[in-house]
Structure formats: C-alpha cells, structure tokens
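Student: Residues per chain, in single letters:
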Amino acid sequence: MADRKDQLWNPYVSGALAGLLSVASVAFAGKYLGASTTFVRAAGYVEKAFGPERVAQMAYFMKEAPKIDWQFMFVIGIFIGALAAALLSGTFSLRFVPDMWRGRFGPGIGKRGVAAFVGGIVAMIGARLADG
Amino acid sequence: MSHDMIMGLVTGIVFGVLLQRAGVIRYDKQLAALRLRDMTILKFMLSTICVAMIGTYLLVDLGMAKLSIKPTILGGVVIGGALFGVGWAIFGYCPGTAMGALGEGRLDTVFGLAGMLVGAGIYAEIYPLMKNTVLTWGDYGKITIPQVLGVNHWIVIAVFVAGTLALFRWFEKKGL
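As you go down the protein sequences, you meet chains A and B in turn.
Sequential numbering of the first sequence, starting at 1, is according to my numbering.
Sequential numbering of the second sequence, starting at 1001, is according to my numbering.
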C-alpha cells in the first residue's frame, strides 16, 4: 500500500537542515536535541498520580524530576510538526500495522501491538542505561 | 509558557516537519535500514551529525556554547546500546520518531509509546541497582575523542566528515 503522494524530501538535505536546527538550538536556547529523558519525566507524572510520596523518594525521579521543560515541549513539537507536514502533503493516513510488518507477520493488530509494547519497554531501558 | 518551553516547541515542530517530509519516521524505512536494504535513515542521521558537529564546535571555539558531554561508561553504553537496538528493531521507532510517526497516523506507536513509559518506570525502579553495578563498569568519565587521541578536534571532524562522504558515495553507487 504506497502513499498517494510519496514525494519525499532528499535525506541529505533534510538531515543537513536538522543539523543546522540543532546548531541553532544550541546557539539560541543552549539546548542539545534529545527526547528520551522526557519519557522518564512523563512516567514520573503518571506514577505521581498513584503514589506521590514514593516518587519523591526515588533516586531516578529526583535526578530527572517530573516537570514540563524544554525537552518535553520539543517532543510534543515533533508530534505537531509531523502531523502538520503529513496533513499538508496529503500523506496522513491512519493505520495500525506498518506495510513491512504486514508482509511478514500479517495484518493482526494484537500481534503488532504486543511487539510494539515489548519493543518499547526494551528500547527505553536500553536508552536510559546508555544515558541516551 | 516559559521562553525555554516555547523554544522547545518551535524546535520540535521544525524537526517534526523535517522527519516527516524525509520519510525517516516510517517503520518501513527504519527496518529497511536495519536490514541493510535502504540507507535513507543513515543518510539523514549522518548528514545531521556532520553539520551539527561542525556548527557546534564552531560555536564552542567562538566561546558561544559549551559541550554537553555524557560520561563514557562502557557497561551502560554497551549493554544499554544492545538493548536499545533490540527494542528499536522490534518496535520499529525510536523515542523521538515514535511521536512523529503518531503524528502521521501510525497508531501502532501508541502501544510502543506506552511500552516506553513502562520501560522508563522500570528503569527508575532498577536505577539504584544499575548505579552500583553496570554503571560502574568501565567508567572513563567525561571524555572526548580529540582529548583521548590528543589531537585538535578539527582533525577528528575532518576525518569523520571525509569517511561519511565516502560512505554516502558507496550508498549511491550501490543504490541503497
């Protein structure tokens, strides 16, 4: 199932522009691009709703306190930017199962959902362990 | 919203547009890179790294920015990197691109984003244990490649950029 208007931007040019964006961010905001700490802060928010005392005592949530900061907004911005670009370019389409996954494992949403969930857990533990 | 938060939002929006228009937030593109079939992701990433490397070190040399160096801890980087690779291949998106992929309508990311929140929660639980074990293995502190080699950073940058350009040429020759 190919996208209707599949005219993608050149990856070298887009990547170089992302590099300039990173430099501009360091120059004007003093911030290096990153996303995964935000997942810790967000997890802290969720856990705070259930046991605020416990979260307040956990070393990792003391190090990465649950708060909305530059990076939290950066991650939300990625969503908004991709949504806008997809809608404007006519490439927005709701789908549960990626094409390559469907070709190998079939169209089942359950199977894909479980794999995505487990993959997400493992990837985030790894990212945090490597401090990335 | 604070100035910081607005800057973050604007930077994220521009980044999201670039990721979406280059197609690099697609599961199929990410998996195709891991299967060595289509190097779009690597072309994008390495272009970003080269430009950011040159620009950031220019800022540092001009005294306009400070490097943010993470400590090199082999235990954390090797084990964490391997786990990240496995998880990334199964999920098919990394933390930042998953949010972009959700933006273009890829609903499988909802499961993966939930998994990432759970993974962050699990890591917060095991952090005290990791801090006393894995994160003490091979801790070299905050080091950089130029520092370790004892050469000027522009030499390292020139070699890296030249190597990247050679790789790009090879990708194009092979039609990857």
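Because the hints were derived from the structure by calculation, they are not lab data.
Be aware that one or more of the hints could be misleading.
What the hints assert, rightly or not - Below are the EDC-like pairs computed for lysine to aspartate or glutamate, each with C-alpha atoms no more than 20 Å apart in a straight line: (1) Lys1142/B x Asp131/A; (2) Lys31/A x Asp1061/B; (3) Lys111/A x Asp99/A; (4) Lys1070/B x Asp131/A; (5) Lys1131/B x Glu64/A.
Said to hold, decoys possible - Pulled from the structure, derived: some chain A residues nowhere near chain B, Cβ distances all over 10 Å: (6) Gly19; (7) Ala49; (8) Pro52; (9) Asp69; (10) Gly106.
What you are looking at is a predicted structure, and each value in this text was computed from that prediction instead of being measured.
Where is the CB? At the ideal position from N, CA and C, for every residue including glycine.
Student: Hint by hint, note whether the structure agrees.
Tutor: For each hint, the structure was consulted:
1. Lys1142/B x Asp131/A: 12 Å, holds
2. Lys31/A x Asp1061/B: With a Cα-Cα distance of about 17 Å, the restraint between Lys31/A and Asp1061/B holds, given a limit of 20 Å.
3. Lys111/A x Asp99/A: Answer holds: Lys111/A to Asp99/A is near 14 Å, not above 20 Å.
4. Lys1070/B x Asp131/A: 7 Å, holds
5. Lys1131/B x Glu64/A: 15 Å, holds
6. Gly19: Violated, since 3 Å does not exceed 10 Å.
7. Ala49: 12 Å, holds
8. Pro52: 14 Å, holds
9. Asp69: Given that some Cβ of chain B is not farther than 10 Å from that of Asp69/A, nearest at about 7 Å, it is violated.
10. Gly106: Per Cβ check, Gly106/A is outside 10 Å of chain B; nearest 13 Å; holds.
Figure legend: structure checked against the earlier numbered hints; hints not met, in rising order: 6, 9.
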